[in-house]
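Number of protein chains: 2
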Amino acid sequence: MPDTLMLSIDAMGGDDAPDIVIRGVEYFLSHAGKNRKIRFLLHGDEAQIEALLAKAPLAKQRSEIIHTETVVAMDAKPSHALRRGKGTSMWNAIASIKTGQARIAVSAGNTGALMAISKLQLRMKEGVQRPAIAAIWPRPVGNAIVLDVGANIDCDETQLCEFAVLGEAYFRALYQKENPTVGLLNIGTEELKGNATVRATHERLNTLDFGLDYQGYVEGGDISVGDIDVIVTDGFTGNIALKTAEGTAKLVGGFVKEALAGNWLSRMLSSLNAVALLKMKKRMDPRNVNGGVFLGLNGIVVKSHGGTDHIGYANALNVAANLAESNFEAEIEKTLAALHDAELDLEMTAEI
Amino acid sequence: MPDTLMLSIDAMGGDDAPDIVIRGVEYFLSHAGKNRKIRFLLHGDEAQIEALLAKAPLAKQRSEIIHTETVVAMDAKPSHALRRGKGTSMWNAIASIKTGQARIAVSAGNTGALMAISKLQLRMKEGVQRPAIAAIWPRPVGNAIVLDVGANIDCDETQLCEFAVLGEAYFRALYQKENPTVGLLNIGTEELKGNATVRATHERLNTLDFGLDYQGYVEGGDISVGDIDVIVTDGFTGNIALKTAEGTAKLVGGFVKEALAGNWLSRMLSSLNAVALLKMKKRMDPRNVNGGVFLGLNGIVVKSHGGTDHIGYANALNVAANLAESNFEAEIEKTLAALHDAELDLEMTAEI
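Which chain is which? The protein sequence lines are D and S, in order. According to numbering that gives the first Met the number 0, the first sequence holds residues 0 to 351 in order. According to numbering that gives the first Met the number 0, the second sequence holds residues 0 to 351 in order.
Hint data in this document are derived by calculation from the structure and do not stem from the laboratory. Here the structure is a predicted model, which means the values were calculated and not measured. Treat the hints with care, as some may be off.
Heads up, the list lumps identical chains together, so a pair's fine if it works in one copy or across two of them.
Claimed, not checked - In silico DSS-like links for lysine-lysine, alpha-carbon gap of 30 angstroms or less: (1) K192 / K85; (2) K59 / K176; (3) K192 / K124; (4) K192 / K76; (5) K36 / K118; (6) K256 / K97; (7) K176 / K256; (8) K249 / K59; (9) K192 / K118.
Could you put the whole structure together from the sequences, leaning on the hints where they help?
Here it is, written out as structure tokens:
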């Protein structure tokens with residue numbers, strides 16, 4: 000662990016940036032980041048950031064502003080961001096990891112653009128075909144990790160096995176669990192269920208011995224149950240599962256609210272029962288699971304939800320800091336090497 | 000509408016069959032089925048059913064038992080059910096639609112076996128490549144329909160367009176809405192998002208003029224919101240979305256319960272507030288949306304959850320009765336013909 004951890008921040012990314020970004024840094028430094036040796040490179044409009052830092056004394060003390068004139072629009076196409084993104088706050092935030100000035104980058108900007116810019120500048124880790132986005136998923140106790148949730152539409156079995164490795168190392172780093180369990184998302188738990196890619200991945204994860212605690216198939220309903228720590232799927236299915244879960248949580252939350260506001264008696268009792276409801280709201284708060292991570296690049300990039308507030312942003316910063324302070328990248332490399340050795344051995348055997 | 004509607008029931012299908020089946024028929028006849036001219040063909044073990052009918056006077060009066068010796072096991076493989084299923088309660092329940100004795104069949108048995116047996120006996124409706132399973136999805140107001148939720152792992156654009164037609168006709172029949180809106184499940188709402196099949200389906204639904212109110216892409220989070228009535232997707236994605244939503248609802252329900260049971264004060268207030276909580280529970284009750292329908296066959300088959308109770312089963316019977324009393328099949332044929340005409344015109348133009 001280095002003496003002081005440097006985080007590179009795209010201060011202009013996000014719906015309400017740079018406001019929520021600076022307030023997020025301040026909130027982080029007074030909560031989870033308290034007493035941790037962390038500094039910030041804030042990439043963005045100097046005048047705007049300066050003005051905000053005047054109201055954020057902790058952030059001001061720990062930050063250095065690197066002025067940029069331009070930003071990547073929230074609706075910019077990835078191709079456009081690649082061609083025209085040079086010199087934007089997002090571009091420079093990633094560049095700071097490449098140059099070694101910072102350990103990790105955080106942005107609440109446009110996901111597609113951030114992925115494209117990150118891939119171009121940082122390049123894939125050796126032995127990884129495509130990066131994945133990992134999401135934190137709430138469970139009754141603790142969280143699970145689901146990946147990919149949107150970086151790769153079509154995935155083959157080699158990629159899905161790599162996702163298993165990336166996700167497992169990520170879970171270990173984030174929650175300090177020795178042997179997280181790994182599962183493969185499918186439409187049933189029987190051997191014969193699923194499409195050809197899912198079955199081939201299952202076969203490979205079951206056969207190859209590279210140190211993962213692979214538990215087999217999990218169904219959509221099992222993600223929230225909590226037996227499996229890392230759930231592997233392609234980016235199309237993962238994205239739809241993640242957003243469906245968010246939509247369902249909102250729907251159910253609405254039913255609860257509606258029920259408790261139903262008549263004068265429930266309204267009165269609900270107001271008396273505010274403590275319990277607050278507790279529930281806190282458990283369901285999407286800000287607590289804010290911070291998707293791009294896995295498989297030479298360098299760590301954390302993506303915050305674009306529409307989060309300062310508390311959600313602070314949570315993304317905490318995810319970034321925890322990762323930076325872990326052995327995450329070394330562990331990924333170790334398990335990836337074991338996976339590729341096992342795959343090679345399998346191929347060699349098959350050819351004889 | 001015929002004078003008396005005949006429903007064909009697989010009385011032995013389901014975790015607690017025939018008990019919950021007979022109690023479900025009784026419950027239906029004293030609630031949603033009250034004053035409706037409906038009769039039942041109960042396929043199954045005569046002795047067991049007779050004993051149960053002794054405690055179910057309404058059901059007894061409206062039922063005829065057709066004795067079968069064997070049943071399809073809840074864990075039987077579809078191939079096994081096809082080879083060995085003849086003479087089971089499930090097989091005979093479907094046969095009764097084929098022979099015209101009944102209008103519609105209901106089973107809470109093994110989904111894969113029921114689909115295989117239904118396809119073999121009833122055959123696909125002309126112009127439909129593969130049947131789909133449609134699920135009822137709760138929304139803030141009313142329900143949506145999502146299909147396919149598990150019958151087809153890999154789907155091409157022709158199938159997905161057919162699902163749009165089947166789902167739209169189903170929604171109209173179930174909820175008597177003139178022009179239900181149709182959406183295509185994807186990982187974003189921009190034109191360029193998604194895999195090749197999704198984009199090709201979008202293009203086709205946008206271009207072809209066959210009378211659907213197609214609204215474009217919807218994301219996972221939009222299903223529960225309520226703007227789109229019919230959501231089209233392949234069976235892999237749809238199954239995972241459905242089960243993920245069920246799992247999330249359970250998780251959130253658990254958080255609510257936990258929060259309200261947190262301390263003596265919340266416990267006391269919660270017990271005082273039981274009416275509101277009961278109301279919420281009712282809104283979230285999965286029994287209210289029980290009853291998946293196999294669409295695209297020559298005949299209607301309604302699949303109840305295997306683990307439901309008599310109230311859930313009664314809801315599946317209500318779905319079946321509503322469909323049978325509607326113009327559902329004629330409407331499907333009309334819109335399917337329009338779809339295929341439009342596709343033909345497109346091909347002809349392309350060849351010139």
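Hints and how they fare:
1. In the homo-oligomer, the alpha carbons of K192 and K85 lie at most 30 angstroms apart only across protomers (24 angstroms), although the nearest pairing inside one protomer, at 46 angstroms, exceeds that limit.
2. Within a single copy, K59 and K176 get their C-alpha atoms no closer than 35 angstroms, and across copies no closer than 58 angstroms, so neither meets the 30 angstroms cut-off.
3. For the homomeric pair K192 and K124, the shortest alpha-carbon distance between copies (26 angstroms) is at most 30 angstroms, but the shortest distance inside one copy (32 angstroms) is not.
4. Taking the shortest alpha-carbon separations for K192 and K76, only the inter-copy value of 11 angstroms comes in at or below 30 angstroms, while the best intra-copy value is 37 angstroms.
5. Taking CA atoms no more than 30 angstroms apart as the test, K36 paired with K118 passes inside one copy only; the shortest distance there is 28 angstroms, against 66 angstroms between copies.
6. In this assembly of identical chains, K256 and K97 lie within 30 angstroms of each other by CA distance neither inside one copy nor across copies; the values are 47 angstroms within and 48 angstroms between.
7. In this homomeric assembly, K176 and K256 come within 30 angstroms of each other (Cα to Cα) only across copies, at 28 angstroms, whereas the closest approach inside a single copy is 36 angstroms.
8. Taking identical chains as interchangeable, the C-alpha atoms of K249 and K59 are never at most 30 angstroms apart, the minima being 36 angstroms within one chain and 44 angstroms between chains.
9. In the homo-oligomer, the alpha carbons of K192 and K118 lie at most 30 angstroms apart only across protomers (19 angstroms), although the nearest pairing inside one protomer, at 34 angstroms, exceeds that limit.
Violated hints for the displayed structure, listed by number in ascending order: 2, 6 and 8.
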